[in-house]
Amino acid sequence: MELSINGRIYKVEVEEHMPLLWVLRDELNLTGTKYGCGVASCGSCTVHLDGVAVRTCTLPASASIGKEITTVEGISRDGKISAIQRAWIAHQVPQCGYCQSGMIMAAEALLREKPDPTDEDIDQAITNICRCGTYQRVRAAIHTAAKDDEDVSPVIG
Amino acid sequence: MAKDNKERSTLKKWSRRAFIGVGGLAGVGLVAGVGGYMYMKSAVRKYSGYGLGDGNTMNAWITIAPDNSITLAIPRAEMGQGVYTSLPQLVAEELEVEVAALKVVHPQPESPYSNTFILTQEVPNIYKSYTVMETMYSFLPIVATGGSTSVADAWYNLRYAGATAREALIQVAANRWNVDPQNCRAENGHVINTGNQERFTYGELAEDAATIEIKELPKLKDRKDFKVIGKPVQRLDVVEKIDGSAEFGLDVRLDGMLYAVVKHPSTIGGKILSIRNEDRIMGMRGVKKIFISEYGPAIVIADNTWRASMAAKALDLEEDGVNKELSTTTIQTKIEQLLNEDPIEVRIDEGDVDAAMSADGGTLLEARYDVPYLAHATMEPMNCTVLVDEGRCECWVGHQASSVVHNLLREATGVKKKNIHIHTTYLGGGFGRRAEPDFVRFAGSAAKEMPGVPVQTFFTREEDMQNDMYRPMASCVLKAKVNPAGELEAFDSMSVLQSTAHNSLMRIMPSMATPPEKDETTVEGIEDMVYSMKNRRVSFGNLELPIQVGFWRSVGFSQNGFFAESFMDECAHSAGVDPYLFRKSKLKDHPRFEAVLDKVAEMSNWSDKGGRHLGIALIKSFGSIVGEVAELRQIGEKEFKLDKVYCAVDCGNYVNPDIIEAQIQGGVVFGLTAALYGEITWANGAVQQMNFPQYEMVRMNVCPEIEVEIMEVDELPGGIGEPGTPPIAPALTNAIFTATGQRVRSLPLVKYGYKFV
Numbered sequence: 001m002e003l004s005i006n007g008r009i010y011k012v013e014v015e016e017h018m019p020l021l022w023v024l025r026d027e028l029n030l031t032g033t034k035y036g037c038g039v040a041s042c043g044s045c046t047v048h049l050d051g052v053a054v055r056t057c058t059l060p061a062s063a064s065i066g067k068e069i070t071t072v073e074g075i076s077r078d079g080k081i082s083a084i085q086r087a088w089i090a091h092q093v094p095q096c097g098y099c100q101s102g103m104i105m106a107a108e109a110l111l112r113e114k115p116d117p118t119d120e121d122i123d124q125a126i127t128n129i130c131r132c133g134t135y136q137r138v139r140a141a142i143h144t145a146a147k148d149d150e151d152v153s154p155v156i157g
Numbered sequence: 001m002a003k004d005n006k007e008r009s010t011l012k013k014w015s016r017r018a019f020i021g022v023g024g025l026a027g028v029g030l031v032a033g034v035g036g037y038m039y040m041k042s043a044v045r046k047y048s049g050y051g052l053g054d055g056n057t058m059n060a061w062i063t064i065a066p067d068n069s070i071t072l073a074i075p076r077a078e079m080g081q082g083v084y085t086s087l088p089q090l091v092a093e094e095l096e097v098e099v100a101a102l103k104v105v106h107p108q109p110e111s112p113y114s115n116t117f118i119l120t121q122e123v124p125n126i127y128k129s130y131t132v133m134e135t136m137y138s139f140l141p142i143v144a145t146g147g148s149t150s151v152a153d154a155w156y157n158l159r160y161a162g163a164t165a166r167e168a169l170i171q172v173a174a175n176r177w178n179v180d181p182q183n184c185r186a187e188n189g190h191v192i193n194t195g196n197q198e199r200f201t202y203g204e205l206a207e208d209a210a211t212i213e214i215k216e217l218p219k220l221k222d223r224k225d226f227k228v229i230g231k232p233v234q235r236l237d238v239v240e241k242i243d244g245s246a247e248f249g250l251d252v253r254l255d256g257m258l259y260a261v262v263k264h265p266s267t268i269g270g271k272i273l274s275i276r277n278e279d280r281i282m283g284m285r286g287v288k289k290i291f292i293s294e295y296g297p298a299i300v301i302a303d304n305t306w307r308a309s310m311a312a313k314a315l316d317l318e319e320d321g322v323n324k325e326l327s328t329t330t331i332q333t334k335i336e337q338l339l340n341e342d343p344i345e346v347r348i349d350e351g352d353v354d355a356a357m358s359a360d361g362g363t364l365l366e367a368r369y370d371v372p373y374l375a376h377a378t379m380e381p382m383n384c385t386v387l388v389d390e391g392r393c394e395c396w397v398g399h400q401a402s403s404v405v406h407n408l409l410r411e412a413t414g415v416k417k418k419n420i421h422i423h424t425t426y427l428g429g430g431f432g433r434r435a436e437p438d439f440v441r442f443a444g445s446a447a448k449e450m451p452g453v454p455v456q457t458f459f460t461r462e463e464d465m466q467n468d469m470y471r472p473m474a475s476c477v478l479k480a481k482v483n484p485a486g487e488l489e490a491f492d493s494m495s496v497l498q499s500t501a502h503n504s505l506m507r508i509m510p511s512m513a514t515p516p517e518k519d520e521t522t523v524e525g526i527e528d529m530v531y532s533m534k535n536r537r538v539s540f541g542n543l544e545l546p547i548q549v550g551f552w553r554s555v556g557f558s559q560n561g562f563f564a565e566s567f568m569d570e571c572a573h574s575a576g577v578d579p580y581l582f583r584k585s586k587l588k589d590h591p592r593f594e595a596v597l598d599k600v601a602e603m604s605n606w607s608d609k610g611g612r613h614l615g616i617a618l619i620k621s622f623g624s625i626v627g628e629v630a631e632l633r634q635i636g637e638k639e640f641k642l643d644k645v646y647c648a649v650d651c652g653n654y655v656n657p658d659i660i661e662a663q664i665q666g667g668v669v670f671g672l673t674a675a676l677y678g679e680i681t682w683a684n685g686a687v688q689q690m691n692f693p694q695y696e697m698v699r700m701n702v703c704p705e706i707e708v709e710i711m712e713v714d715e716l717p718g719g720i721g722e723p724g725t726p727p728i729a730p731a732l733t734n735a736i737f738t739a740t741g742q743r744v745r746s747l748p749l750v751k752y753g754y755k756f757v
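First to last, the protein sequences are chains P and X.
Per my numbering, the first sequence runs over residues 1 to 157.
Per my numbering, the second sequence runs over residues 1 to 757.
Keep in mind that the hints are not guaranteed to be accurate.
Derived contacts from chain P toward chain X, CB cut-off under 10 Å, selection only [said to hold, decoys possible]:
#, residue
1, 1
2, 4
3, 5
4, 10
5, 21
6, 68
7, 71
8, 123
9, 125
10, 133
11, 134
Here are a few chain X residues that face chain P, going by a calculated C-beta distance under 7 Å [to be verified]:
#, residue
12, 511
13, 515
14, 518
15, 587
If you're looking for bench data, these hints aren't it; they were derived computationally from the structure.
Glycine included, C-beta positions come from ideal geometry on N, C-alpha and C.
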């Protein structure tokens, strides 16, 4: 099947019902998207399908054919990081970092839908699990990103 | 050598050299014996940590390249606690360089990198002298990350590593200018001639500096002169962790790599006898091999993780089914028995507790507390990638103890230690789980089945949750006599649980395993309470079960802090004294404890509660004192919102206040998850919880605001990864008592009808 990921077309020979997560990770070596539970409960595997956040550990790869898939590797384009990523650095959000790809993808999708979310909006939209307990900084970073009107900034590091 | 599918240029460069190097050091280490300290000093000077890249080795921790890039060997696992930033800060302070410019690599498990503090609980200083025990632990070596020890262990060694390298660089510059070193100073990666302001970069000096012996040990900076230590320096690992490029064990991708999925026996301690449907499984797409590992599980190897998982799920296994009768009910029966028997050990017996308890006057209190087993549930499930090829072994793993990995792979693959090379990746959570040997052994046995092919061995979430080394279930009966003045005439406790240190060390490092009765973790948080008590007894009854228990963030403090600090609250209320003032009155001999308690009371505006329900707890663990106040809002009869948690922290000298804030916040969330939801139960010899949300976690909507203040205390540093966890459960349940008059003595709260929004 043909998949469009981060603006590039990939051809893979896989079972139609193989979850998109494992196509990304094992067939295409796009390992930024993580496995956490396999039952769409923890959100570590979140990517965007046509801009909407989806959990890929239970999503058959075939369901993403013809849609634009964006993974965490695809949100900083042309050497520029996103407002969410900038805020993540400013607030020093990650600890172990494993769940953060999913957190960031969920936050990106929230901001697209609600550019200035309330705490209640964040509570409803961000249901991902972070075992290190970064929630307070995730919340603060989302609010910071919402107020960030700069379009782009150079990649740090 | 395995070819990497992703960019890994630095690793590629040095992996060959590493294979050559390790043997030399291991050989010397073994014969050192007497004179070990002399050897250790020269080892620090000589050994580079292999993997520091091209450049000049200043000592075991620092390499400076001609292009001025500086690489540090940081031999502690980065599992979120910020050790790849805090330890570089220690070096940077004395080396006079910017932290942001430093590159971190994880070295091989060699003598100079031993964590001696983890065993001695004394801050080592290799530049002055190592004790016999420290020297011995270095030779083993014990290169491990745990017990919130990393900063304490590195406090002198890494600052001296920076200072001695700096002095060598200054000496070389002084020689070149033909001036006294006193007329030179180090600043931001340069040595400057203070007479004429000429300067050399460190890169220009490093080659010569690497050959210099410093005659006098330089004086370390005073606390008042710190420019890097104690500052909220940005984490060196953050940028990688926001664009998906940070490499965790599960992200390792190598040419031709296969994926193995583990299927454990369905009862604890059980044995898999045969695979009934091997032909069918081998016929599934992508499956390359199925075998029963000598370490217990059946392992399916395939060309993709998902295909291997599907095949593992379809396995039809013949098993011996031992321990099938084991259930939470049978465990509870054993606990009741042991609570009524004589303890295996009376760990503390001061004064005459029985006489004080039976004397006239005062109030007698007795309460029974219970907590369940808990899983670690790291977000990244257990995994390990191994390549065995022509007498060599290469391993990629996020593990808390590289020296343990070294030993395990020797055992599992038969490859000699000098030919084993370990790449320590980022850990997707550790919390004690990644100190265990199981997944490394399984990976070693899988790789041995597929010589020449790298194999990534992986637990699904279900396998991970059902085959953990759990925080033990524990019960404790506490008794106290409180006199009319509100003083504790007597305190008595009897705990029944499995011995974590015995159980876990028998797996990890049998030579270091304590017998259960000597295991401090069983009653830590009770036996070390500092409140003044006239008569005191602390007892332990050893529960023996086939269940594996292990180190779980804050270990014994995780339950004993709840028992002790809830019971103190009961004593305070029975005496009719405010719980904060009750504690304060018993801390006159412990000013650091009292100061933390006062601070958290002040932060929470304890004296003016308004409509807020507040609960307080104070616990010292891993060298740091943490006081927490939970601020609770009642919504329904048993429905609450935890609005805020206030934390005051005395961890002595601190390195990075921003990381400390994050660790305390994380520690609170970890403890809160356990208090609200955490419970692992057993039926038919197996764990009943399989995944989230059956084993639920605190999420964004329930997470409180957590405010952290660090005390200014010029003492040796304490730990920070764990001490935030123990006080939250008692602070919360003490707040529930003020709200409802109901004393919570069993966790988790949701099991007893409490609801949190």
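Which constraints among the numbered hints does this structure fail? Numbers only, ascending. Going through the list in order, the structure violates hints 1, 2, 3, 4, 6, 12, 13, 14, 15 and respects the others.
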